[in-house]
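J.: Now for the letters of each chain:
There are 2 protein chains.
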Amino acid sequence: MLIGQVIDTNSAWIGQQMSLLGIRLEARLAVGDDEQEIRNGLQFLRTGADIIFLTGGLGPTRDDITKKTLCGYFGGKLIENEAVKQDVTGFFERVKRPLLESNLQQAMVPDCCEVIRNPWGTAPAMWFEQEGKIFVSMPGVPFEMKNLMTERVIPRIRERFQTGVILHRTLLTAGIGESFLAEKLRPFEDQLPEGFKLAYLPNLSQVRLRLSATGPEGKRLQVQMDEQVQYLESLIREDIFGYEEDTLEKVIGTLLNERGETLSLAESCTGGNIARRITSIPGSSAYFPGSVVSYSYEMKKELLQVKDATLEQFGAVSEETVKEMSAGCRVRFHSDYSIAVSGIAGPGGGTTDKPVGTVWIAVRTPDKVYTRLFHFSRNRQQNIEMTTIAALNLLRKILLGTVI
Amino acid sequence: MLIGQVIDTNSAWIGQQMSLLGIRLEARLAVGDDEQEIRNGLQFLRTGADIIFLTGGLGPTRDDITKKTLCGYFGGKLIENEAVKQDVTGFFERVKRPLLESNLQQAMVPDCCEVIRNPWGTAPAMWFEQEGKIFVSMPGVPFEMKNLMTERVIPRIRERFQTGVILHRTLLTAGIGESFLAEKLRPFEDQLPEGFKLAYLPNLSQVRLRLSATGPEGKRLQVQMDEQVQYLESLIREDIFGYEEDTLEKVIGTLLNERGETLSLAESCTGGNIARRITSIPGSSAYFPGSVVSYSYEMKKELLQVKDATLEQFGAVSEETVKEMSAGCRVRFHSDYSIAVSGIAGPGGGTTDKPVGTVWIAVRTPDKVYTRLFHFSRNRQQNIEMTTIAALNLLRKILLGTVI
Chain A
1 MLIGQVIDTN SAWIGQQMSL LGIRLEARLA VGDDEQEIRN GLQFLRTGAD IIFLTGGLGP
61 TRDDITKKTL CGYFGGKLIE NEAVKQDVTG FFERVKRPLL ESNLQQAMVP DCCEVIRNPW
121 GTAPAMWFEQ EGKIFVSMPG VPFEMKNLMT ERVIPRIRER FQTGVILHRT LLTAGIGESF
181 LAEKLRPFED QLPEGFKLAY LPNLSQVRLR LSATGPEGKR LQVQMDEQVQ YLESLIREDI
241 FGYEEDTLEK VIGTLLNERG ETLSLAESCT GGNIARRITS IPGSSAYFPG SVVSYSYEMK
301 KELLQVKDAT LEQFGAVSEE TVKEMSAGCR VRFHSDYSIA VSGIAGPGGG TTDKPVGTVW
361 IAVRTPDKVY TRLFHFSRNR QQNIEMTTIA ALNLLRKILL GTVI
Chain B
1 MLIGQVIDTN SAWIGQQMSL LGIRLEARLA VGDDEQEIRN GLQFLRTGAD IIFLTGGLGP
61 TRDDITKKTL CGYFGGKLIE NEAVKQDVTG FFERVKRPLL ESNLQQAMVP DCCEVIRNPW
121 GTAPAMWFEQ EGKIFVSMPG VPFEMKNLMT ERVIPRIRER FQTGVILHRT LLTAGIGESF
181 LAEKLRPFED QLPEGFKLAY LPNLSQVRLR LSATGPEGKR LQVQMDEQVQ YLESLIREDI
241 FGYEEDTLEK VIGTLLNERG ETLSLAESCT GGNIARRITS IPGSSAYFPG SVVSYSYEMK
301 KELLQVKDAT LEQFGAVSEE TVKEMSAGCR VRFHSDYSIA VSGIAGPGGG TTDKPVGTVW
361 IAVRTPDKVY TRLFHFSRNR QQNIEMTTIA ALNLLRKILL GTVI
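Line by line, the protein sequences are chains A and B.
Under my numbering, the first sequence has 153 at position 153, and the numbering climbs by one with no breaks.
Under my numbering, the second sequence has 110 at position 110, and the numbering climbs by one with no breaks.
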């Protein structure tokens with residue numbers, strides 16, 4: 001993975017899983033597809049860690065050298081494994097693809113490891129032990145690795161290790177900057193007990209707050225954590241939209257589902273990104289009849305009944321236009337709520353009056369319309385993402401009644 | 001970044017930039033926000049590398065300890081830097097946000113480094129040298145880091161190092177699996193000259209092929225690379241949709257722009273994801289009037305004129321329905337081409353006849369309609385992504401005339 005064209009999401013996920021077990025991630029290391037580099041990396045990591053996870057390099061192509069390298073490193077040889085051979089054959093029958101010779105190579109495994117069968121793909125995982133250290137090699141395909149970890153590897157790790165506890169709680173905020181949060185949270189940080197730590201993880205208009213606590217196993221730490229979280233919440237209640245793996249779209253979906261109400265969208269500068277997020281939630285069809293991306297003037301008029309005069313007088317990026325878009329959208333989709341956005345995502349299209357990043361958002365409810373103006377001044381992708389977050393967060397606050 | 005809730009995209013990007021300079025990435029290491037761990041990491045990395053890049057930990061909050069740690073590691077002390085102070089003050093004036101005391105702390109910099117001013121944010125970068133090794137510390141916000149690297153750091157690196165050359169060429173394929181590509185490319189791999197290497201980087205329905213060559217600087221390696229790329233292309237011409245940073249949506253945008261033709265979309269199971277990708281391209285408004293996400297039966301009928309009888313007889317996920325959706329969409333948006341997709345993204349909604357992952361795609365041109373059936377059988381997010389790629393790739397092939 002070293003050239004940098006592939007983003008490593010695996011190690012982040014593994015770290016998260018380990019931290020839930022109270023196992024501290026000591027380091028993450030990436031090295032090239034080179035036998036010597038892999039060996040050097042193993043030597044470095046085993047000095048500081050008890051468990052070393054390896055992902056990738058187990059595929060059927062020639063640049064996949066991890067299996068051979070590990071086999072040599074632990075002094076074994078490759079032998080055919082009948083169970084894995086059946087798994088591979090079965091996998092290709094199931095996905096109705098022809099089995100290639102190179103795929104059968106995946107049934108050759110080192111005789112110095114415990115093979116962990118992989119029903120989600122073709123390359124099995126391998127569990128090596130040496131001098132009290134554990135090495136687990138898994139395929140790099142995230143879907144396969146995550147299933148192998150959850151179903152096969154983590155249960156074994158749990159059996160083997162009894163550690164102290166690390167607790168984590170993540171609170172998710174939107175629409176407030178890191179420095180402002182830090183100001184509001186100063187009294188909280190000033191009183192944090194020994195062993196507690198607060199981390200700010202900012203990403204565009206969202207900041208994840210991760211509170212960690214280390215200590216001996218038992219109920220006391222959990223109680224302390226609950227108290228600390230309650231205090232933290234009391235300082236920034238309206239900025240928090242969720243916890244842990246929540247997303248704005250998930251929170252909104254839950255709110256709409258509870259009420260049996262529906263939402264439609266009229267997107268201009270976000271180009272379908274809000275719809276994509278809303279529909280990423282399983283079951284969203286219950287509250288989302290659909291949406292329009294009205295990129296052109298014509299479509300704003302034809303599909304959303306925006307008036308010619310409005311576009312001419314105020315332009316597409318204006319409070320008046322998003323108001324009319326939201327009205328047309330709500331009628332078109334027979335929905336309870338609608339969101340309309342129009343802005344200049346860039347890099348072109350900016351003017352002195354309305355520079356790149358200027359965005360108008362309207363949220364319409366059965367009896368009211370709310371509008372907001374934003375100046376994001378970022379690049380195209382970031383302007384789109386920040387608009388999406390701002391729109392979803394405004395709807396969320398309206399649904400909760402915290403915006404009047 | 002160690003708990004694993006933040007995905008590290010920075011190191012991947014830096015690796016890519018260095019490889020373009022012919023500087024080989026030796027390793028990537030992530031350690032926790034802990035002074036001793038940072039020091040240990042620096043000690044390990046400096047034994048194998050000439051340049052060490054550090055990102056993150058320079059923010060205004062208390063968990064940001066990189067600056068203090070580096071200052072101590074290199075034996076300096078923090079002093080106020082007047083230029084940085086002005087930068088920080090100016091930045092907050094520009095974004096119209098109040099300046100907090102914590103932000104002014106960013107003007108305190110180690111006296112043992114060269115400060116690299118940061119007009120894109122508030123924390124400056126720092127360039128340390130010790131025993132012939134270079135250490136560059138930058139903010140972790142990707143936008144700031146990338147600008148600092150491109151405008152300030154890379155020019156300095158170029159001045160200092162004269163290395164051998166590593167060439168990379170990336171060919172992008174869609175719609176063909178890794179094993180099938182490997183079969184087609186066997187004769188190519190069998191003849192690869194010394195110093196050349198081919199890597200397969202699969203991601204859902206796309207595989208990036210990265211061909212690398214190392215050798216002395218000069219024209220010969222470049223010529224050899226060109227020959228190898230030509231041979232590779234000749235074996236899989238129709239599978240290649242682009243090169244390097246190309247995307248399907250970029251390639252399609254270029255084709256539509258050249259012809260002055262337009263595209264509209266009627267998305268069901270992809271929920272706006274195709275529109276998002278089309279509109280991620282600056283200037284896409286020239287060929288994209290807009291699109292519809294028709295999630296409900298009603299909207300398929302009202303917005304796209306799909307017949308009641310069609311939905312009743314064949315269901316929403318059927319060849320007949322996507323044909324009618326594509327026809328209604330083309331008329332609705334007055335476009336030359338239209339794409340319509342309907343499928344079962346999952347996890348719910350599957351039946352024996354049409355299991356989760358069943359997807360119908362239609363692409364309509366001024367005089368013909370093309371339909372395709374897919375069985376992706378993945379999770380929701382992957383089914384959506386694979387449908388998006390398949391739809392865009394089908395349109396691309398139709399535009400190029402390689403599908404009849």
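Among the hints, erroneous ones may be present.
Chain copies aren't distinguished; within one or between two, either way the pair holds.
Dumping the calculated DMTMM-like pairs for lysine to aspartate or glutamate here, alpha-carbon to alpha-carbon at most 25 Å [unchecked claim]:
| id | residue 1 | residue 2 |
| --- | --- | --- |
| 1 | Lys397 | Glu217 |
| 2 | Lys397 | Glu101 |
| 3 | Lys368 | Glu159 |
| 4 | Lys146 | Asp63 |
| 5 | Lys301 | Glu319 |
| 6 | Lys133 | Glu37 |
| 7 | Lys307 | Asp63 |
| 8 | Lys68 | Glu178 |
FYI, nobody ran anything at the bench for these hints, they're computed from the structure.
Values in this document were obtained by computation on a predicted structure and should not be read as measured data.
J.: Could you tell me which of the numbered hints above are not met by this structure, giving the numbers in increasing order?
T.: As far as the earlier hints go, 1, 2, 3 and 7 are violated by this structure, in ascending order.
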